[in-house]
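A.B. asks: If you follow the hints, you should be able to join the two separate chains into one complex; please do so.
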Amino acid sequence: MSTSDSSPPEGSTPDRRPLIAFAWLWVGAPLAYGLYELVQKATQLFTG
Amino acid sequence: MSPPVAPPGWSRWLVPPAALSVHLSIGQAYAWSVFKPSLESALDLSGTQSALPFQLGIVMLGLSAAFGGTLVERNGPRWAMTVALICFSSGFLLSALGAATEQYWLIVFGYGFVGGIGLGIGYISPVSTLIKWFPDRPGMATGIAIMGFGGGALIASPWSAQMLESFGSDSSGIAKAFLVHGLTYALFMSLGVFLVRVPRPTKTAADGTPAPLQGVQVSANSAIRTPQFWCLWVVLCMNVTAGIGILEKAAPMITDFFSDTSTPVSVSAAAGFVALLSAANMAGRIGWSSTSDLIGRKNIYRVYLGVGAVMYALIAWVGDSSKPLFICCALVILSFYGGGFATIPAYLKDLFGTYQVGAIHGRLLTAWSTAGVLGPLIVNWIADRQEEAGKSGASLYGVSLIIMIGLLVIGFVANELVRPVNARHHIPAQREASDVHERQQSA
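Protein chains in written order, with the numbering used here: chain A, 46 to 93; chain B, 160 to 602.
Isolated chain B, as found in the complex (with noise of 0.2 Å):
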């Protein structure tokens, strides 16, 4: 399948719904939760068996991106949203015989396997093309695309619980939940697939050759051997294991800070309060990711991880004395976490051009996989001890707390240490321009 160009007068605003269309659908994947407690008991699993779909997926998500991501180059964004699309949906209904049949193997290959697959290629599908429109706006487009895998986990959870009440808790309620998973998602990331454009390339004048892309353009394979790639690994590994450490024992950490005063924290409000994160997940993924467009991708990061270890401190140390201290500072932390996510994009743009630019978001994701096992075992792995040391309340947190500004301020050096690429690394313009070309021929 070639890149699908646009024909004349196409508008780059028809590409974000394409982009939100696959993320909202394949952000349904933090909610996965939801299907936990019904599995366990239909199909008489234990809390770790249940949550293997889920865990598989992610370290597909990971897997698939980095391998994925020259494919999605070569191929465009509407063959990565196809692939994406029948990944998706086909791991909800392989799920779906594996709950009808009893077969719990094959939920986990369905929707961890070939689901996942669907996850990382869908991630990283329409992020190259965003950019590729919004030159101008580069930290926004990716924004936009990435708030909407937040928002997917928003939509799911009340929409899946609410199938479950219908078709009922039993292996025949949760097969029926997830055929209609699968065929809804089907449809709802066609428009994807049916809206996606690739801008026309500018030609030159002279022979109607495509002009070669603008700036420094470096190839994914030339990327990874740059310092600049592993600095900015560490940037987003830390970040996402800072942003994790909140999000993983949100419920718990909130009750223990508040346990022995006055005011309590119940477990609906609880609830709330992971509700509100979430909010502030999906708000700095749009909000801070746009603000980098104005004050740029090294600047925002240096809020990210130098506030962020702020707000880590203030937690460790006066956040069990004021409610409002410790929900601000939990808030401005997950939004943090939100715009890590969505402004490495354009901070690999800035970087390495758009020339690869998807491939090698792709094979930066494996900092996420890596700060997905990293951040709950660094938080439950002390607090466990810290319980067993016979310690309550908020000082159950204090180590953890401190090894995240830790992480934090490593973050924030690896992000100084970015300079400009190193010039014997471009691609030279003659190379990338016959490239486009071959690409425009097969259109």
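Same shape as in the complex, but just chain A (with noise of 0.2 Å):
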């Protein structure tokens, strides 16, 4: 099975970069959120 992400030469197939950044982007995003609001409530640990 093909499994390497090398592109074909240039012109040939459209480029996956925006889509690649778009993808993760919207997985990121609100991962971020809940790490960011994780980390607020972890900090109890140490000051609560």
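Just so you know, these hints were derived from the structure itself, not from any lab.
Be aware that one or more of the hints could be misleading.
[As the list claims (entries may be wrong)] Pulled a few chain B residues facing chain A out of the computed Cβ check, cut under 8 Å:
1) S170
2) W172
3) L179
4) P317
5) L354
6) L435
7) S437
8) A438
9) H584
Just so it is clear, CB atoms sit at the ideal spot from N, CA and C, and this is done for glycine as well.
C.D. replies: See the structure below:
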């Protein structure tokens, strides 16, 4: 099975980089929000 | 629906976010407790009743992953993600109707039964595809996805709480919150449906038919007849039980351990400890699973189970003498708990190949369901008996901790018994190539 992510010669296939960036942002933004809330709560262990 | 084959030039780095969009959504299940107090007051329910949708959801997760795995392999990840999207979102929409009409059975049926099917199919939907895209780093790839399941609760917990605050905690407010959850998760998961692709099969030069998969390949039906499958079942069950042993009682445990010291742990500090454990659980999923690509699957489970037992022993015997030591040991145990979940698909791939690894993984998740019952039962039952016997503080947990060490040792032995699968269980190369060819023709 083909598993490499090397792109074929330029011009023959669309550039996937904007889609990759969008996809990671889509999942990364809510995850970052969750982690921020988690850090806020976790600091209570040391301050609470 | 036939498996969506990647067009030329498709990047494999589009597959992890597809998987994450599903896992981050279904991971909401672990934040169900946010709804419990509101449901209890709005619909006059007991604590046991308000936990029913979650419990049924976890049971359905195990059942649908076990029985739906073969369908997922046959129809591909897009079909599976679509089913997961429809079931998980419909579960919330039915629950919204249930809350609006104050029919609690509809919430149990919607979130627990219908949503639970979405949990199980969604959980296994990207596993096989990720392993096929990342044969060089299967541990890292599945670690990313399964980390998402841990991350889902981190997102949903504050988000759901804020929503209930805005809409109100009465039945109408809960209904609106469920409605927004259903619609938002449907939109969020649609990225996975849109992006997921299976790799293009490599063709043989001679006749254009797909080349057989490399290495050992075992079907799901054969896999469950091998001792290797059941050894891994015991490994996962023991590892998860040990982790749940800490997770289930984390807040009261740290409070009890240091109740008689000069620095007792406050309620908010205990909540902070629970949050830190969630972070360790999540970090372990990606960190330890990626490490398994470097040191091997058997070795990483030796660490989870062997070092995990040592950590439990430290908590049991000297945990109450040092707060930092107690916290560090608990964090390591929780990171192993997460790591155990995330590494198991890659371990299955090593033993049974990629042919039906998703279906085999689905069947193995029954170990999780078993551990989900076993872990809390052991810890809660023993803690109650110890309390009745007049014990307090750290001594409430002594017996439970020793049992956890015993379980981890059993898991360690089971891991040592894992050997390569006997050749009589292997799939003949022609049959497996023709199966791949059939799928390609229908695509």
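A.B. asks: Hint by hint, note whether the structure agrees.
C.D. replies: For each hint, the structure was consulted:
no.	hint	result
1	S170	holds (5 Å)
2	W172	holds (5 Å)
3	L179	holds (4 Å)
4	P317	holds (4 Å)
5	L354	holds (6 Å)
6	L435	holds (5 Å)
7	S437	holds (6 Å)
8	A438	holds (6 Å)
9	H584	violated (22 Å)
Violated hint for the displayed structure: number 9, the only one.
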